[in-house]
Amino acid sequence: MSHEAHEHDDHDHGDHDHDHAHDHGGKHSHPSLVIEDEAGNIEGQIMIDALQNLLVARNLLAHQEVTQEIEKLESPGVHQGAKIVARAWTDPAFKQRLLANGKSAAAELDIKVGEAQLVVVENTPDTHNLITCTLCSCYPRSILGQPPSWYISKAYRARAVREPRAVLAEFGMSLPDDVELVVHDSNADMRYLVLPERPEGAETWSEDKLAELVTRDCMIGVSKALPAQS
Amino acid sequence: MRGRFKVGDRVTVLELNKAGHIRTPFYVRHKTGVVVQDCGLFLNPEDLAVGITSGPVVKLYRVQFQQRDLWPDYKGAPQDTLCIEIYDHWLEAARTTARKSAPKPASKKKPATRKKNEPRSARA
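Going line by line, the protein sequences match chains A and B. Counted the way the numbering used here counts, the first sequence spans residues 1 to 230. Counted the way the numbering used here counts, the second sequence spans residues 1001 to 1124.
None of these hints come from the bench; they were simulated from the model. Among the hints, erroneous ones may be present.
[Said to hold, decoys possible] Once the Cα atoms are required to be at most 30 angstroms apart in a straight line, the calculated DSSO-like pairs of lysine-lysine come out as:
#1 A:Lys154 x B:Lys1006
#2 B:Lys1075 x A:Lys154
#3 B:Lys1018 x B:Lys1059
#4 B:Lys1031 x A:Lys154
#5 A:Lys154 x B:Lys1059
#6 A:Lys209 x B:Lys1075
#7 B:Lys1075 x A:Lys224
#8 B:Lys1059 x A:Lys112
#9 B:Lys1075 x A:Lys103
Please build the complete structure, drawing on both the sequences and the hints.
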């Protein structure tokens, strides 16, 4: 299986939505298999391939099932998150419901949030939100797809909580000193979506057109939504 | 089970010295913050990781900290904060009084001098 690290479930109740880099400690301590292997996670890959071959040889698994599962994991895309954001920009009542309960509001748009709960945090002129998962790579995969590699990197995960403004600066965002920066560590059962500020100059835009301004990065909080250009 | 804390309560993260699949990172242990959300009940990941899927369930809270409290040399703006999810058994009521600039949701900060529930550690 070429997909990274979905070899066991834990607190995610089978949602397969993070990779496993944390230290399990204790007696069965083992090195982290995934993550941070820009050079290629050779050992983990060998083990997973061997396991898959064994399962196939014993007729417990077919290769197509693996492929289908990978496809299922990789099919959600950023457009679903963008659709949620664009609706929130154009429909204040929806926005309130979204901030109160992200999962049920998303369901109104026929978007199924597979994770336990979705917490939506709103950027305003006074507050900027940034998402990370210091322990692994929890991410709202069912609405944003797979996370970018930098989100999984140890450097981002450590620095996003330790020196978040420096991280934002490297993404090209210099946050004014009077803005409150709220970092959300997605360490357990919640998943997070940033509701970015609506770009100026897009007041008359349709929901579909607005959705084109909503990037993956602005929903993680490392950038703003794209500027409106007609 | 009923949660011991409510939104606005000041809480301190415990050091339970547990091994295993722990979702409480070291950087918040011994730190004091404010409960900003009661997330409901969840199966304890510490149990799930070792195949115990029958519970008991535990309360999960979102707790907000001042960055300056987490990192004494924090270089960002003084009002910056961090929110993280902490399971009930990793928390105790804060013993110290609120600092001046507590996070916003702590609208009603009472000096939490309530008798401290001694942490019943590891309920697993």
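- Task: Please write out, lowest number first, the hints stated earlier that are contradicted by the structure.
- Result: 1, 6, 9
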